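Asker: Sequence:
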Amino acid sequence: MHLAALEGVPARAATVDHGLRRSSAAEARAVGAAAAALGLAHATLRWADPPRDAGQGPARAARLRLLRGWARREGLSAVLTGHTLDDQAETVLMALRGGGVDALSAMPDTSPCGLFRRPLLGTPREALRSWLRAAGIPWVEDPANDDPRHARTHARRALAGMPLGTAAALARVAALAAERRSLEEAEAARRLEGAGCDGGLAAAPLLGLPTPIRRRAWRLALTREGRAPRGRDVAALDRAMLAGAAARTLNGIVIRRRGPLLTLVPEVVGRGAGGDDPSSEGFAR
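Numbering-wise (our numbering), the sequence shown opens with residue 291 and increments by one.
Worth flagging that the hints you see were computed from the coordinates, not collected in a lab. Values in this document were obtained by computation on a predicted structure and should not be read as measured data. For each residue, glycine too, the CB sits at the ideal point set by N, CA and C. Be a bit skeptical, because a hint or two may be false.
Unchecked claim - Just the calculated beta-carbon pair ranges, DEER-fashion:
1) Arg548 to Ala479: 19 to 29 Å
2) Leu532 to Glu416: 41 to 51 Å
3) Val559 to Leu296: 52 to 62 Å
4) Pro556 to Leu386: 12 to 22 Å
5) Gly365 to Met452: 19 to 29 Å
6) Ala295 to Thr553: 14 to 24 Å
Let's have the full structure, built from the sequences with the hints guiding it.
Answerer: Below is the structure:
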């Protein structure tokens, strides 16, 4: 907000009041007053009827939904957030528990839809605080950052005890993982297009791909037919088809082997047994 004003960038400000803390309304009013002092319009977006024990996941989903709606109503092309390099490093630490390359790639500087952008993702948190102090700009620490119920709190504390430079190193890991993910996705899309044949996919070229590319190709093909599957489900599907399974279902999509082809079609619910009924072929649901 202050950076936009300094740069002369036309902007509006918004605060999401999750209603999970008594102080949240006062904090939103303080942001509104700061925006007004800068000549910026401000909106407080309230989460209607939040669950009593809402965790960080549901709160984040609600926050993004409210901000998307606000941006759409205001005709905004981008929503800038204040995520820092330390936020990125904490995300990588949490992903190290087994999330794979996609999880390690953490937060992109621009969301896939292009709406959310994180211009401070390469800036250390303490550098941002130092700038605020020098400029005489107050800020509020979110009490949730010290709540031991949240995994991010433990990641933040662990990072604080690590050698200087660890956060920057973890952020570089995220950048490298994101680059690898992007390359794998592009190669999977290229190979998937090349495998198209007679209304299906040529099984041999697809199943002969290296595992990371093949699994991204499965994900892309299934996403095009419906919705993006979970990584562990894609891995299970991949193992089954490599083992010679005749058919599987995933996310309501039937993947069937027909000679040299693989076909993906919507699952038909309620068909009788026998014949071409997928359930008679040992589908994993």
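Asker: Which of the listed hints are not met by the structure?
Answerer: 4, 5, 6
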